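Chain order of the listed sequences is C and A. Taking the UniProt record's numbering, the leading residue of the first sequence gets 1, the next gets one more, and so forth. Taking the UniProt record's numbering, the leading residue of the second sequence gets 1, the next gets one more, and so forth.
Since the hints were made in silico from the structure, they are not lab data. Don't take each hint at face value.
Note that the list lumps identical chains together, so a pair holds whenever it fits in one copy or between two copies.
What the hints assert, rightly or not - Keeping only pairs whose Cα atoms sit at most 30 Å apart, straight-line, the calculated DSSO-like set for lysine-lysine is:
#, residue 1, residue 2
1, LYS110, LYS87
2, LYS87, LYS63
3, LYS451, LYS557
Bear in mind that the values here come from a model prediction, so they are computed numbers and not experimental data.
Number of protein chains: 2
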Amino acid sequence: MKYLWSILLVALLVVNVNQSEADCGYAACHETKPNMVNIHLVPHSHDDVGWLKTVDQYFYGHKNNVQHAGVQYILDTVISELVKDPKRRFIQVETAFFNKWWVEQPETSKQIVTKLVNEGRLEFTGGSWSMNDEAAVNYQSVIDQYSLGLKFLENTFGACARPRVGWQIDPFGHSREQASLYAQMGYDGEFFSRMDHNDKDTRMENLSLEMVWEASESLNDDAKLFTGLLYTYYWETPGFCFDVHCSDDPIIDGDSYDNNVKSRVDDFIAYAKKVAAFFRTNHIMIPMGGDFQYEDAEVNFKNMDKLIKYINERQSEGSNYNIFYSTPACYLNSVHEGLMTYPNKTQDFFPYGSDTNSFWTGYFTSRPTQKRFERDGNHMLQVAKQLSTFANLTSDKQNEDLEYLRRIMGVMQHHDAITGTEKQHVSDDYDRLLHDAIVGAQNNAIDGLRKLTNLPTGEFESCMQLNISVCAFTKDSADNVVVTLFNPLAHTSTEYVRIPVKEESYQVTDEKGRVVASEVLPVAWQVLALEYRSNDTQHELVFKASVDKIASYFIKKVDSGDNIASNQVNMVETYDDNDSGETVVENSLIKLVIDNKTGRLKTVSMNGVSESIEQKFAVYKTKDSGAYAFRSNGDVEEVDDEVEFTVYEGALVKEVHQHVNEWISQVIRIYEGINRVEFEWLIGPIPTDEETAREIVTLFKSGISSNGVFYTDTNGREMLKREKNKRESFEADLNQQPISGNYYPVTSRIALQDGNKRLAILTDRAQGGSSINNGELELMLHRRLIRDDGYGVDEVLSEEKFGTPLIARGKVFLILNVADAKATAAERVEEKQIHLPYWKFFSKSSSVSSSAVPLETPDFNDFPNSVHLLTLEPFSDDEILFRVENFMDHNEGKAVSFNIRSIFDTLGGLEIRETTLDGNLPLSEMKRFKFHQDGAGVSPSTPEYYTASHKPLAVEKSQDVDDFSVTLKPMQIRTFIIKRE
Amino acid sequence: MKYLWSILLVALLVVNVNQSEADCGYAACHETKPNMVNIHLVPHSHDDVGWLKTVDQYFYGHKNNVQHAGVQYILDTVISELVKDPKRRFIQVETAFFNKWWVEQPETSKQIVTKLVNEGRLEFTGGSWSMNDEAAVNYQSVIDQYSLGLKFLENTFGACARPRVGWQIDPFGHSREQASLYAQMGYDGEFFSRMDHNDKDTRMENLSLEMVWEASESLNDDAKLFTGLLYTYYWETPGFCFDVHCSDDPIIDGDSYDNNVKSRVDDFIAYAKKVAAFFRTNHIMIPMGGDFQYEDAEVNFKNMDKLIKYINERQSEGSNYNIFYSTPACYLNSVHEGLMTYPNKTQDFFPYGSDTNSFWTGYFTSRPTQKRFERDGNHMLQVAKQLSTFANLTSDKQNEDLEYLRRIMGVMQHHDAITGTEKQHVSDDYDRLLHDAIVGAQNNAIDGLRKLTNLPTGEFESCMQLNISVCAFTKDSADNVVVTLFNPLAHTSTEYVRIPVKEESYQVTDEKGRVVASEVLPVAWQVLALEYRSNDTQHELVFKASVDKIASYFIKKVDSGDNIASNQVNMVETYDDNDSGETVVENSLIKLVIDNKTGRLKTVSMNGVSESIEQKFAVYKTKDSGAYAFRSNGDVEEVDDEVEFTVYEGALVKEVHQHVNEWISQVIRIYEGINRVEFEWLIGPIPTDEETAREIVTLFKSGISSNGVFYTDTNGREMLKREKNKRESFEADLNQQPISGNYYPVTSRIALQDGNKRLAILTDRAQGGSSINNGELELMLHRRLIRDDGYGVDEVLSEEKFGTPLIARGKVFLILNVADAKATAAERVEEKQIHLPYWKFFSKSSSVSSSAVPLETPDFNDFPNSVHLLTLEPFSDDEILFRVENFMDHNEGKAVSFNIRSIFDTLGGLEIRETTLDGNLPLSEMKRFKFHQDGAGVSPSTPEYYTASHKPLAVEKSQDVDDFSVTLKPMQIRTFIIKRE
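Produce the entire structure from the sequences given, and follow the hints as far as they go.
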């Protein structure tokens, strides 16, 4: 290879002598013709970061019997082809793959690619680590993975590599938050290709396939984004797939009986004519590519060259079709210059109905344990980032470990990863990758803790199986165990900590030696019965902690004879269906009433509101559901078995252990002082038979008059109003799938309300949810299927672990409140605590405290309550990326101001500058396309742009403390790079 | 593309400054290591010149849904990859495709390719127009298509492009004549990969996969050729197909969980070790390629680069495996330098049994009409070549027309063309190509005739449907028709000419106005009954012609009242099964006896020999036969229906018209003065049903005691002795297929004999044949099948034409003689006349003869009788290629000498030089590998070579007539280039 690149480099250098260098970006776009239909031919390859094959299998072209795909060859051959002709273009989308390829390149190859980038011949589009899903992802992880991808591109190539356009061509529905984030990152627009078929039909009629998305009611212009739907998905230019994997007719222009230039040009122009009729400008974009195409790029480019040549030759005969290589950015630039107006869009594009029987809402829940594990990954990533920053970890190993988790989390956001729509072996590989990455980053966290605490041993360990009350560290004894808690939130938080223990008595003390109240409870027997669980610890020690950033608690076993009251919580009673009457479980904030006969929750009282709320499990017996689509055959069947239950009442915690049926159980739990009710469900193995799959929901039935209206979050940030059977701008045909067609992604919260009361359910992972009946909320928790739904994965989603159908465990949280903005604001606080609780590190306590003085950790408690420490991470050897977010919306709060000088100082800041959301572009340089909206007055006569809506922060250490003041409007996120000593 | 090549050219020129140019050929081979197993890795692509797709479909990658294959991309990407690294190699085999690609290349690309050829990086192997079949082809056409391919390579690139090695990797069995021709063309050896499994097993045991083929008993050393069998076919290196069409594991050498360098290297070395055990030197050849591979050559070379790197890295750990890019020539060179001895081989490699139930003998007969049409193509090609030479046709159009037929005939020799093993639509395309090419070349022939005759109108036409007695030219009237006959043979020949006419009386006169005896006979009613035949002419006018090179005969309709005897031949009698006794049909040379009861031939007397010979048709009812394999289920079933027959007796011709059954009929015919019996069969539509296919043979049952021995020709030249159930050097398992396993290709002749009598059957096209029972000969004439045999064509061979199952017509010729060399010599003369009869041109006679003086045609009658004018054709604008052959073998004749000075002068010769058989290499420069044979005494200590075994002719016009003397040993062919004025 060295030889090749030497040749090519020489060639390029030679060529440069005679060629003025083109600017990159929009300046590199080919000229268009004003009075013609301009066909922007966009060569691209859609390369899933795992799907039917693992990431590495796709990269190396391994296991081609599963799917023929080898990304290394795509990049190899595309680069060779781009070198051959400066008119050619290619867009590279998934930075995960590009990075993997780049690091294998010799220096000369890198120089050539850099030149191609600088000339706009290789253009990065999207540019994030993976093309993330938009339903099940949390905004924090989306921001992270864009920052990661764009930073790699910035560091590698500089400004010419910065993507201008979002390219979400495959995700199965589109979130408003994604568009909002694009706007905040300075993107000029986004394109995608999957939209509900009724929506698309309507938009085609209205010339509304392109629009201005008003992606945030709080952020207004800062979140407006031009958004376009590709005409026929991204892989179909009917009859014109020239790829080596396709069989469409090549352009045969030789002296051959088969010469087909005339018919091929006729056909393409006919197609272009059809497409052009649905767009407002005289430009159309025709993507040329598809899944893993361009592995043999010569085939594609050779034929596209001919297509272009012969179509444009027709112009001399009066044809008004002009075709050329282009990119989505160049197309968008032409559209922007077209000065047309566009309709607006205010909601999102969920659910995605590909036909009347196919709403892609199953994947909101598919692979529930993988969706949960991804949250653990994010949790550790934020913890490790903060600890690495605080402790100023800079070794190569530390940088690599942290970077690896960033990358794997980028992979996990991929629209076939977190979605659960990949093959089982790929899911297994994601688990492996994420596990390894968490373990690596955890080493950073531990290195950080060593510098940030004065604990003597420093031998911290994490326990990854606390969800089933297993921890190698405490399995033999919890005597003399130190639990060091790291709080990733800005503000001091209070949380109940649970530690697996044997049935003994323990005493917990804080760093000052003060005894902290604690209790020991039995683990639910359904958990203990898990065959693959080691049964060393059958109980959990519970204590209440309060942590600023880092705090340690010390656990000591005590003899019951030690004159110290046993902290064991005893069973109150076990109820079965012979009992009648009610059981009341209450603490100072919450009162629950359980119906003894049914064994189910009956009433909840909290926040001064009391409401009859029945919680049940229910089953959709389905047949044709798949990993993507949820297809119900009828109404949900509620599990009406009478539930046996046992109550444990301690002073700190009260638990109702419910045995629902052989494969469903639950613990309903309230903690003293915590204003939410926790429902810890355990589901599986789900029984299925040849004709019956089962999809399990948790159902909350209240008397609240919600009238079909409910609310779901968009990627864990803003809330969207949903109305049963309604869509924003079209009529959806819901006859075949009245349930699935009303399902929406719930990343963090679903709620309903009437004039008085509001019921919100918060989740610990992404799930599908809906409100099918008045006053009811449901969340789909787990699914075990019997069919593949035919969208390519070609496997039945029927997970197994340890030889039995997958058993999943998780939590949902109920908050009942008055229906007002204070209530939703309170939910937001709970959301953050659920999303980023303490990370627990375990070590053995020693008698002597270390004398080392720990490094100082910054104190973020001065932040206003609505300000979230969204990101704090090492950005380069001497830079820190720092993001703050006002997580209240315009209904819940107002702009807040605060000063970051002390944080800046604690972090050793020398100067601080503000950037776009992704951290890579100085905010002052941001200039993005503004598109005129329909009905917004006279159209502009020149293209318009948005720039930063506030004065970007850019201050140095020497400046006045007041200069460090930061104001955050509702829902605003601001991103800074702090240069440190 | 221009841009690319500019870059690369610049690059190459730059590189050249620092790189001393490597010699091509063997000098360009990579170094090997003496104490290691040297693995010659040979990148190649096997590109069928038509099979499942047409030639153009393969070239352009059209109809990839039928088969993914695009040769243009193979060459595009291979060239790009070769440029990248001078260590890489690729062999190009099929010149038909290379030429098609080459003409599309811009000048700079041509320069790059030339450089790659000159450095031995792109090496031509085989190099003929197509990789010809070896069973059904005639040697004349093989020589032509090698001459064509090698000439293109010579003209395009010069000496570096000359192939050294034959590469017949796919043909289904191998002929001795092919090896002989290779030797005569100066090849150093040949490789192939299909051999009877029992033969291969035996050879593996004996380390005899490589051998010295003694390919001619007459030519001795001049026809000895090193021949090697590839170890596992040409496409299987198990587990190591890196092609874009394969799914074997790539070499994953990155930082990946999937890194597989160790296991891949282990596996490859294990394979190499296994292979090495079966070869005599420390060199093995591992072909890396397969059908239409390298369409994405980057994938192949990238992985092979890695494979080579990591295997050779092992040497530092003590591994003794050394691997490098190589070519078959480089491998052969290493073997030659290895100075080992090799076993000999004297027979051929037919039939090819791939397993005990699969002898590939069906294709000897498959598509009988296509096989016949190919003969017509050769016939016209020789006619057009000679006429173009005589008339010195040199216009571009004339050159192109002739060249086009040369090329299409090259295509027709392909091992899926003449074999009949292609899909139907491909067969249709071959028909189209060949028809167009014949029509084109015919224009040359006509242009030539215009200059060579003084016929006034010059409006010659050919009739392509004379085989069913249809000619557009005579359909309305044969009055005033001139039939101009061209005799392609060297010597004046005598032949009966048949012209479709209406039932009228005609008079035929020669050029001197002399009346020539003629007769009019009815066409067999089965031919007249063909639905698609226009029935304008129901009779044929027959007259006897005698032609040196060109002669015209004039046909005039005469009134029966013109006092000229009617020349209509009347029916003697019609016999049906109620008759008994015998019918004798005889002329001065031959006496046939027909059994009136059976209606079949009973006795033949000729050449002083009389023998009971029954001719019958017989049917193999088969089920599992396919286009390739003939798989009988039992013995042949003779058609014992009693045959109705009608006898027509004229003075010139006597015919027995037999009605055998509804779909078989025949005319047995003898001509006065012609010493062979003609059997013109008409078969079809062959009935089949779901369980029964039918394969039809003509069977000659004599009383000759042949004891299982019979003789078949090899590609129409030398004869090979066959012995039922016997093979030259191994035991064949014939239990499952005792019939098919005894079938052999018959291109021109099959014979048997005892001490006294000899029976030979000559054919008009290639067929399969055998002698299953003592004294019997059979030829398979036609097949209609019900299954595909699973070798890829994936279609049932069940041809249809005009909506009904194909009806085929053809002739076999019987010669009964005493069993001696004179008899076989006489057969050879007949063979030539059957192979190259007159071509008939038609025109309208005018009353006035043209006054133009026709050009002189050379007179070859001075050639000894055993000398055949094998080739006479324009070679360049001022050169003629001239080949003469002594077609008697060492048993039949001796060396003959003659002088070519008068020919030379008539052709306007200035100088003449002798070349290798293909015409492209001065014979004086030929130097080819000699390999020592087992048991031939002490091995040589240095490599040995063969050079020309006689002094090559090289004379000029100024030299003495004696210097133009040419001697031809038995079976020798000598090739000359005559430079003309």
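For each hint, the structure was consulted:
Within a single copy, LYS110 and LYS87 get their C-alpha atoms as close as 20 Å, and across copies as close as 23 Å, so both meet the 30 Å cut-off. Proximity of LYS87 and LYS63 under a CA criterion of 30 Å is satisfied inter-copy only: 28 Å between copies versus 35 Å inside one chain copy. For the homomeric pair LYS451 and LYS557, the shortest alpha-carbon distance inside one copy (28 Å) is at most 30 Å, but the shortest distance between copies (120 Å) is not.
Violated hints for the displayed structure: none, as all numbered hints are satisfied.
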